[in-house]
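Trainee: Whenever a hint applies, use it, and build me the whole structure from the sequences.
First to last, the sequence lines map onto chains A and B. In terms of the working numbering, the first sequence is residues 1 to 74. In terms of the working numbering, the second sequence is residues 1001 to 1247.
Hints are computed from structural coordinates only; laboratory data are not their basis. Ideal placement from N, C-alpha and C gives every residue a C-beta, glycine not left out. Where hints are given, some of them may not hold.
[Stated by the list, open to error] With beta-carbon atoms standing in for the labels, derived distance ranges: (1) B:Phe1195 / A:Thr47: 52 to 60 Å; (2) A:Arg38 / B:Lys1014: 51 to 59 Å; (3) B:Lys1137 / A:Thr47: 29 to 37 Å; (4) B:Phe1142 / A:Glu4: 35 to 43 Å.
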Amino acid sequence: MDVEAAKLIGAGLATLGFIGPGVGIGLIWAALINAVGRNPAAAGSVTTTAWVSFALVEALAIFALAIALLILFG
Amino acid sequence: MAEAHNPLEQFEIKALVPIQIGDLNASFTNSSLFMVLAVICATALMVFAVRPRNTIPGRWQLIAELCYQFIANMVSDNIGKEGKTYFPFVFSIFVFVLFGNFLGMLPYSFTFTSHIAVTLTMALVIFIMVTVIAFIKHGMHFFSFFLPKGVPIFLSPLLIVIEVISYFTRPFSLSIRLFANMMAGHTLLKVVGGFVFPLGAISAAFGIVPVAGLVAITGLEFLIAFLQAYIFTILTCIYINDAVHLH
Chain A
1 MDVEAAKLIG AGLATLGFIG PGVGIGLIWA ALINAVGRNP AAAGSVTTTA WVSFALVEAL
61 AIFALAIALL ILFG
Chain B
1001 MAEAHNPLEQ FEIKALVPIQ IGDLNASFTN SSLFMVLAVI CATALMVFAV RPRNTIPGRW
1061 QLIAELCYQF IANMVSDNIG KEGKTYFPFV FSIFVFVLFG NFLGMLPYSF TFTSHIAVTL
1121 TMALVIFIMV TVIAFIKHGM HFFSFFLPKG VPIFLSPLLI VIEVISYFTR PFSLSIRLFA
1181 NMMAGHTLLK VVGGFVFPLG AISAAFGIVP VAGLVAITGL EFLIAFLQAY IFTILTCIYI
1241 NDAVHLH
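Mentor: What follows is the structure, encoded as structure tokens:
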């Protein structure tokens, strides 16, 4: 197998790393909607925490994307 | 006819003013230019906007005061009363990263936060500063940070190893989060932008679709630019809080 083919296969496999953060982000917003539904007065502070945790989880998806790009172009 | 440009070409560092000091390449690059621009924009905002010291602020003064209040609240919420000492540092970090990310959204500009060298330097400075502060404040008691309260004694060796490893990955996760978000965002913009011409050559209707995608992605990139600056800053506040309290 030559290097180009291996690079393409590697980059494709690296995109499997998006499954985890996808589930994670869904869980965060599900918890947010639940919390705001039960207690609308807490919407402000809970939403701030939701955005912070979203960025942390999305960082993992971005790590996977960075690995895929590194394999493809590095 | 249309050469395939590498979407990673936009991250190349070009020396604008070559300066060679012995073996060291200390040229003024496009990265340095945008760092200087970020500092100039931030200083201009905070100095000139607040010039008319009205009690009821006008538009620009309001923007500067909102920036100050936003970070002051973040610092006092996360660090408490001792946070005032760290406020100038945290504010500088936030404004530098924010303007760096935003200046990168301009066409033909350069995002200096999309380089691991820049973000890792900032993250290492923060990490070393936080560790030194913790040692100065708590001395050898600092090592109790790695053993949370109420842990059964037979579990503690494993837990201490896990805590130490996760402490040392802090600068790397901090820097890679910012750099990878910026690099991935701009690469995505270039890749989608590269679809416009080939699809548009077939028919104008096909060419509109990537442009609509670009509009949406650019909006998302503005949100990500602000969010990543905010995350970098709030994590810095949390690490400073760990150093100052709970040790």
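Trainee: I'd like to know which numbered hints this structure contradicts. Please list them from smallest to largest.
Mentor: Hints 1 and 4 are the ones this structure does not satisfy, whereas the remaining hints hold.
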